[in-house]
Amino acid sequence: AQSVTQLDSQVPVFEEAPVELRCNYSSSVSVYLFWYVQYPNQGLQLLLKYLSGSTLVKGINGFEAEFNKSQTSFHLRKPSVHISDTAEYFCAVTRNSGGYQKVTFGTGTKLQVIP
Amino acid sequence: NAGVTQTPKFQVLKTGQSMTLQCAQDMNHNSMYWYRQDPGMGLRLIYYSASEGTTDKGEVPNGYNVSRLNKREFSLRLESAAPSQTSVYFCALSRGLAGGSTDTQYFGPGTRLTVL
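In order, the protein sequences belong to chains R and H.
Those letters in the first sequence? Residues 12 to 126, by the numbering used here.
Those letters in the second sequence? Residues 1103 to 1218, by the numbering used here.
Treat the hints loosely; a few may be bogus.
Partial selection, computed: residues in chain H whose CB lies under 8 angstroms from chain R [stated by the list, open to error]:
#1 Met1143
#2 Ala1184
#3 Ser1186
A few chain H residues facing chain R, derived, Cβ under 7 angstroms [said to hold, decoys possible]:
#4 Gly1144
#5 Leu1145
#6 Ala1152
#7 Thr1204
#8 Asp1205
To be clear, the hints were calculated from the coordinates, so they are not data collected in a lab.
Just so we're clear, the structure is a prediction, and the values are computed from it rather than from any experiment.
The beta carbon of each residue, even a glycine, is placed where N, CA and C say it ideally should be.
All chains, full assembly: derive it from the sequences and hints.
Shown next as C-alpha cells:
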C-alpha cells in the first residue's frame, strides 16, 4: 500500500517571499515521486518528478523539490513566489501495479500568493 | 492540456438520468484513466485502460462504466446519476510502456458535473 500526506490544505504567502509545501509519503515498495500543479479551472500538469539520482529536482517556473528517503518526504520549494503561482499543488507517488501506473495523489495544498 | 480533450465541459443532471463523458487524445499514448476530484480528497481513480482493448476498475468504480473505443478514445458512463456523483471528472493518459510507473500523466481540462 502507498499513501501521501499533504498536511497543509492552504498556504498563504506574500509575493516575492519563499514558500515550502510539505509532502510525506509511505510505501512498502519503491515509488517514484511527482508534484503536479492545477491552475484554476484547469487540469493538472507536471511540475517536476523524482525518479532516481540527485535528490534535488528542479522543475518548471523556478520550483524545486528535495527527496529525503530517511524522512520519507518530498517537499516543494520556491525562493520567491509570484502572483501567477496561485494554484493548487498535488504531491503524488507512483508504482507499477499489475501492468498499469498506480498513482496515489495527496489531498492538495492551495497556495495563495498575496500581493 | 494540449492533446487531451474532454466533452462536455459542464453538465447538470437530475437524479436517475444517464450521460456519457467523452475523452479523446492525439498523443498516441497507450494508457488512459478517469479520475474524480472532490474538495479535500485529491484525485481518486475510477477506471483505467492500460492499453487499447483493456479496462479495469480503480479505487471508486461503483456507479460507472467505461469503454475504450479505440486507442484515441475512452468514455465514462453514468447509467443512473446520483447526487454523490457530483464532482469534477478528469481524463488522463500516460505512455503506458514497460516501466510505466515513471510516466508523466497528462490531464484533460475536466468536466464539471452536478447531479440534483
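Are there hints from earlier that the structure breaks, and if so, what are their numbers?
2, 3
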